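Engineer: Read off the chains here:
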Amino acid sequence: MADLRCEIAGIKSPNPFWLASAPPTDKAYNVDRAFKAGWGGVVWKTLGEDPPVVNTTSRYGAITVNGQRMVGFNNIELITDRPLGVNLAEIKQIKRDWPDRAVLVSLMVPCEEASWKKILAAVEDTGADGVELNFGCPHGMSERGMGSAVGQVPEYVEMVTRWCKSMTAMPVFVKLTPNVTNILAPARAARAGGADAVSLINTVNSIVSVDLDRMAPNPMVDGKGSHGGYCGPAVKPIALHLVAEIAADPESAGMAISGIGGIETWRDAAEFISLGAQNIQVCTGAMHYGFKIVDDMIAGLNNWMDGKGYARLQDFHRAAIANLVDWQDLNINFELVARIDQDKCIKCGLCHVACEDTAHQAISVIGQGPGRRFEVIDPECVGCNLCAHVCPVEGCITMAPVDNGKPYLNWAQDPRNPHARAAE
Amino acid sequence: MADGVDIRAGWLNGATLAENFADVHRPLDLAGALVEANRCYFCYDAPCIAACPTGIDVPGFIRAIATGNVTGAAMTILTENILGGSCARVCPTEILCQGACVRSNDNSRGDRSVEIGLLQRYATDHVNTATRHPFARAPATGRTVAVVGAGPAGLACAHGLARQGHDVIVFEARGKPGGLNEYGIAAYKLPDDFAQEEISFITAIGGIEIHPDRALGRELSLTQLRMDFDAVFLGLGQDGARALEVPGAGLAGVQNAVDYIAALRQADDLANLPVGRRIVVIGGGNTAIDIAVQTKRLGAEDVTICYRRGPAQMGATPHEQDFARINGVRVKHWLRPLRLDGLDGAVTAAVFATVAQGDGGSLMDTGDEQSIPCDMVFKAVGQSFVPLSDGGPDIAAGRIAVGPNGQTSLPDVWAGGDCVAGDDLTVQAVQDGKLAARAMDLFLQNLET
Ligand SMILES: Cc1cc2nc3c(=O)[nH]c(=O)nc-3n(C[C@H](O)[C@H](O)[C@H](O)COP(=O)(O)OP(=O)(O)OC[C@H]3O[C@@H](n4cnc5c(N)ncnc54)[C@H](O)[C@@H]3O)c2cc1C
Ligand SMILES: Cc1cc2nc3c(=O)[nH]c(=O)nc-3n(C[C@H](O)[C@H](O)[C@H](O)COP(=O)(O)O)c2cc1C
Ligand code: SF4
Ligand code: SF4
Ligand code: SF4
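Protein sequences, first through last, are from chains A and B.
Per the working numbering: the first sequence ends with 424, consecutive numbering throughout.
Per the working numbering: the second sequence ends with 449, consecutive numbering throughout.
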């Protein structure tokens, strides 16, 4: 049995699976159920100043892809709409009931020192393990000068982070918005302000769909829609990229990373950890299936780690960072060719038409009717992987390395590059 | 009546009968259709298209369902097969499109084929119930065509010709049009008067008149039709039931399966249709399965199909054989009918010789006999074409001889469906009618006067 215990910015939890600040962590009732189900920690739904915000009805939009529901999810919800005092009392009770679990509190108040000072003191009183500064929310709150309106200006990120660090002994996480051109700017600003960790990503600016009968964006509130925040499985590739950029950045070194965005399985979690996250947070996965998904996240990660011989999370933390390089450092002499396993092939022809219409005309059809076969024309195949991706049969098309005897050569060294330097 | 013949109506109450003769496959709802449509891989040069006798663009219509373009899906189907609605319900898809689906090739994953038939029904139901006919007629050509027989072949041909602007009169021997869709197909495959609804849909294009109770060889002669019309299409089906040459075949209670099915299909109230307590069906094709299952569902206690060869030689597909079994029908093989025994002129038992396959594949009696007590015996040993008395086109192997598009030996006469060689399936009849209509249209366009 692998050891799944996790430590991030000094905060310990029995496993790396936390619930992100969102409806699943909105109140004691939910959090209590989440901890009973086995989640390692929560980031409480973002608190603000009283009076609490008011939410609209009709809040969520979603996209279905080929019958798979909620591949992408979007919302126009604001921060907690419950009074501050009620939340604080519940947080205090939860931390008392569940001392071994991580309880962080997400915060969003106006960009004034006094506001932050006041709320930090109140949170500290609950016994919470840390705070997460919500600089990410892309809708509603940003119109009021909070959330991503702060997160998009590195100077504000640094300033507020510094204030908070000077006002509390609790670890400070800064939650980043992906709605920036260069994620390193706010990450480095958080680092400069003294942040213990960054959490990312918050939701991506989006219009999830248009209702073509009513000619309005979804989700609709009384016939009108608004820009919302996009999350769920569809955003995972974006989140992985942004997490990895920070993890690989020397100037951001020393800051822990809490990975968020489209995580629903142990495999997703393992990918974030391998790219530099210490732990992960989940929102949409829980909103889609309920808290029980954590069972398989724990057991699956455990079994996979046992199989790989990883005893602790640290054993594969950042393991994939070493293999993340710039395009110009890739080996231009490396060659792959598609291989079709004729015994597995079901003759659907998708590989052929994909390569024929949109790639390199490298898969031929031999014969007709039920006995037809599809064969790769090796000299034409550029090894792009397209056919392997479209093939509906798992493991039917594999990409085989070609032993061409050529040495490693990157683009900077390649004589075909007009700006090449000579190979060393 | 321990030994007496037991044939009665009303074995089952009305509610049970209604349930037994309702749709055998429940239609998909929107959610189900989307799940199923999304299972289709959208294959290149898809094998399911080649396996459909009418060549429907299966991946094309399925994708249209998935995108919410159900009208487009229906048009894709109806363009190739104007009886796409009944074909969706009656086609033996397991040996046609679905039998060729690549998803059923995927042994390694224990996969199953896409439910093409159910999806086709989902799409065609969408327009068949709509008020407007989806195809427009070309301007009138002034050409007239006689279609004889209002079965699937005749109807498909009539629609194709009407669409090109020709005027079509369909002559039908029976009281209602539809052919076997109205009189032959198992009731639970085409419930709720679907055959007549579909005919209203087809004729809504305009230019088609159906004249029932008009039979070639009775009220009409081919010579006269050829004089009165520019061209003639024969979609006569196979109205002759093959005879069963055994002693006792004339006893009361011995009937052709197709005649009983026709009566069942036309019955106003199934509770008034008499059926025996114990039934023996002689034959091994789909008709045998249909009569067996329908009598069982009417309330017969004991139904046995007796076939003279083994399961592999049965004309009924394995899927149909399984369907009979799950309906509680007993299927017995290697039984050759010897005679039918009776009492006071009514059948009481069917007697068979048990046979075995000899070295050369020929059947040999083993010397044993089996007598199966019964109240009714149904003959389901096949249909045959009844040739026209004189002035008709050439015949080959007992059916009308035709060229590739249904052209007969007479220059202005075409034929298709069960009365010509080929698979005796609704969908094949539709294809024959469709291709003949195209050829006839060319012929009509090139007519001098
Ligand atoms: C019991 C049974 C069950 C079947 N089940 C299925 C099934 O589940 N699926 C499937 O695909 N196929 C099934 N078939 C086969 C299918 O019904 C036929 O292949 C199809 O109906 C053939 O169409 P058709 O138009 O050629 O002939 P028919 O449907 O037989 O139509 C011929 C029409 O011509 C009329 N006619 C005949 N002679 C004359 C004349 N001299 N003058 C005027 N009109 C005339 C007839 O009254 C009839 O209306 C079944 C057949 C039978 C017998
Ligand atoms: C309905 C909803 C409400 C959210 N509210 C908050 C919030 O109050 N504070 C916050 O920091 N993030 C909020 N988020 C963002 C999530 O915490 C998380 O960063 C994002 O959804 C990406 O993770 P996921 O793909 O697992 O959902 C919210 C997300 C959703 C769907
Ligand atoms: S890898 Fe790319 S080029 Fe090669 S056969 Fe596949 S699709 Fe064609
Ligand atoms: S995509 Fe895969 S299964 Fe389909 S024909 Fe190509 S190799 Fe075979
Ligand atoms: S063979 Fe099956 S999967 Fe392929 S297009 Fe036809 S229905 Fe779809």
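No wet-lab data here; the hints were simulated from the structure.
One should not assume that every hint holds.
[Stated by the list, open to error] Using C-beta positions, here's what the derived DEER-type ranges look like:
no.: 1; chain 1: A; residue 1: R372; chain 2: B; residue 2: S389; range: 31 to 37 angstroms
no.: 2; chain 1: B; residue 1: P404; chain 2: A; residue 2: E380; range: 36 to 42 angstroms
no.: 3; chain 1: B; residue 1: G72; chain 2: A; residue 2: Q314; range: 52 to 58 angstroms
no.: 4; chain 1: B; residue 1: A262; chain 2: A; residue 2: H288; range: 41 to 47 angstroms
In this text the structure is predicted, and so the values were computed from the model without any measurement.
A virtual CB, placed ideally from N, CA and C, is assigned to each residue, including glycine.
Engineer: State for each hint whether it applies.
Structural biologist: These are the hints, each one checked on the structure:
no.: 1; hint: A/R372 with B/S389: 31 to 37 angstroms; verdict: 49 angstroms, violated
no.: 2; hint: B/P404 with A/E380: 36 to 42 angstroms; verdict: 39 angstroms, holds
no.: 3; hint: B/G72 with A/Q314: 52 to 58 angstroms; verdict: 56 angstroms, holds
no.: 4; hint: B/A262 with A/H288: 41 to 47 angstroms; verdict: 55 angstroms, violated
When held up to the earlier numbered hints, the structure conflicts with 1, 4 and fits the remainder.
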